[in-house]
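**Q** If you use numbering that gives the first Met the number 0, the sequence shown corresponds to residues 0 to 71, in order.
Just so you know, these hints were derived from the structure itself, not from any lab. Fair warning: there could be bad hints in the mix.
To be verified - With a Cα cut of at most 25 Å, we get these calculated SDA-like pairs of lysine to any residue:
{"hint": "1", "residue 1": "Lys5", "residue 2": "His49"}
{"hint": "2", "residue 1": "Lys5", "residue 2": "Ala38"}
{"hint": "3", "residue 1": "Lys5", "residue 2": "Ala28"}
{"hint": "4", "residue 1": "Lys5", "residue 2": "His59"}
{"hint": "5", "residue 1": "Lys5", "residue 2": "Arg29"}
{"hint": "6", "residue 1": "Lys5", "residue 2": "Pro25"}
{"hint": "7", "residue 1": "Lys5", "residue 2": "Gly39"}
{"hint": "8", "residue 1": "Lys5", "residue 2": "Asp46"}
{"hint": "9", "residue 1": "Lys5", "residue 2": "Gly37"}
{"hint": "10", "residue 1": "Lys5", "residue 2": "Glu61"}
{"hint": "11", "residue 1": "Lys5", "residue 2": "Leu63"}
{"hint": "12", "residue 1": "Lys5", "residue 2": "Ile35"}
{"hint": "13", "residue 1": "Lys5", "residue 2": "Leu50"}
{"hint": "14", "residue 1": "Lys5", "residue 2": "Val62"}
{"hint": "15", "residue 1": "Lys5", "residue 2": "Trp45"}
{"hint": "16", "residue 1": "Lys5", "residue 2": "His42"}
{"hint": "17", "residue 1": "Lys5", "residue 2": "Ile54"}
{"hint": "18", "residue 1": "Lys5", "residue 2": "Arg16"}
{"hint": "19", "residue 1": "Lys5", "residue 2": "Ala44"}
{"hint": "20", "residue 1": "Lys5", "residue 2": "Asp19"}
{"hint": "21", "residue 1": "Lys5", "residue 2": "Arg33"}
{"hint": "22", "residue 1": "Lys5", "residue 2": "Ala57"}
{"hint": "23", "residue 1": "Lys5", "residue 2": "Gly48"}
{"hint": "24", "residue 1": "Lys5", "residue 2": "Thr17"}
{"hint": "25", "residue 1": "Lys5", "residue 2": "Val15"}
{"hint": "26", "residue 1": "Lys5", "residue 2": "Leu34"}
{"hint": "27", "residue 1": "Lys5", "residue 2": "Gly27"}
{"hint": "28", "residue 1": "Lys5", "residue 2": "Thr22"}
{"hint": "29", "residue 1": "Lys5", "residue 2": "Asp47"}
{"hint": "30", "residue 1": "Lys5", "residue 2": "Val26"}
{"hint": "31", "residue 1": "Lys5", "residue 2": "Gly52"}
{"hint": "32", "residue 1": "Lys5", "residue 2": "Thr18"}
{"hint": "33", "residue 1": "Lys5", "residue 2": "Asp36"}
{"hint": "34", "residue 1": "Lys5", "residue 2": "Thr31"}
{"hint": "35", "residue 1": "Lys5", "residue 2": "Leu51"}
This structure is a prediction, so every number in the text was calculated from the model and none was measured.
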Amino acid sequence: MDVMAKCHPGDRVRLVRTTDPYTRLPVGARGTVRLIDGAGTVHIAWDDGHLLGLIPGADHFEVLLPLAQAHE
0 MDVMAKCHPG DRVRLVRTTD PYTRLPVGAR GTVRLIDGAG TVHIAWDDGH
50 LLGLIPGADH FEVLLPLAQA HE
């Protein structure tokens with residue numbers, strides 16, 4: 000999956016599933032994409048204050064409203 004085609008910094012996302020056994024983020028948590036690093040990890044500032052990067056293919060999330068659409 001090409002993460003850069005799916006989301007961009009500023010997009011709002013919702014957590015569907017994570018493989019991180021230590022996170023307290025619940026399914027359905029919402030956050031804002033901050034950056035996508037060279038390895039493809041999507042770094043998200045979650046609304047509850049957590050900062051957790053998601054790994055495409057291992058973790059799953061959905062883009063709620065791409066930033067570009069929000070400004071149309």
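**Q** Take the hints in turn and mark each one as holding or not.
**A** Structure-based check of all given hints:
1. Lys5 to His49: It holds: about 22 Å lies between the C-alpha atoms, which stays within 25 Å.
2. Lys5 to Ala38: OK: Lys5 and Ala38 at ~15 Å, within 25 Å.
3. Lys5 to Ala28: holds, 18 Å
4. Lys5 to His59: holds, 12 Å
5. Lys5 to Arg29: Holds, because 16 Å separates the two Cα atoms, which is no more than 25 Å.
6. Lys5 to Pro25: holds, 22 Å
7. Lys5 to Gly39: holds, 11 Å
8. Lys5 to Asp46: holds, 20 Å
9. Lys5 to Gly37: The given pair, whose Cα atoms are some 15 Å apart, holds under the 25 Å limit.
10. Lys5 to Glu61: Within the cut-off at roughly 9 Å; holds.
11. Lys5 to Leu63: holds, 11 Å
12. Lys5 to Ile35: holds, 11 Å
13. Lys5 to Leu50: Status holds; Cα separation ~20 Å.
14. Lys5 to Val62: The given pair, whose Cα atoms are some 8 Å apart, holds under the 25 Å limit.
15. Lys5 to Trp45: Within the cut-off at roughly 18 Å; holds.
16. Lys5 to His42: holds, 14 Å
17. Lys5 to Ile54: holds, 13 Å
18. Lys5 to Arg16: holds, 17 Å
19. Lys5 to Ala44: Holds - the C-alpha atoms of Ala44 and Lys5 are around 17 Å apart, at most 25 Å.
20. Lys5 to Asp19: Between Lys5 and Asp19 the Cα gap is close to 21 Å, so the pair holds against 25 Å.
21. Lys5 to Arg33: With Cα atoms ~14 Å apart, Lys5 and Arg33 stay inside 25 Å; holds.
22. Lys5 to Ala57: holds, 15 Å
23. Lys5 to Gly48: holds, 23 Å
24. Lys5 to Thr17: It holds: about 17 Å lies between the C-alpha atoms, which stays within 25 Å.
25. Lys5 to Val15: holds, 15 Å
26. Lys5 to Leu34: Holds, because 13 Å separates the two Cα atoms, which is no more than 25 Å.
27. Lys5 to Gly27: holds, 18 Å
28. Lys5 to Thr22: Holds, at about 23 Å.
29. Lys5 to Asp47: It holds: about 23 Å lies between the C-alpha atoms, which stays within 25 Å.
30. Lys5 to Val26: holds, 20 Å
31. Lys5 to Gly52: Given pair Lys5, Gly52 holds - Cα atoms ~15 Å apart, limit 25 Å.
32. Lys5 to Thr18: holds, 20 Å
33. Lys5 to Asp36: The given pair, whose Cα atoms are some 14 Å apart, holds under the 25 Å limit.
34. Lys5 to Thr31: holds, 14 Å
35. Lys5 to Leu51: It holds: about 18 Å lies between the C-alpha atoms, which stays within 25 Å.
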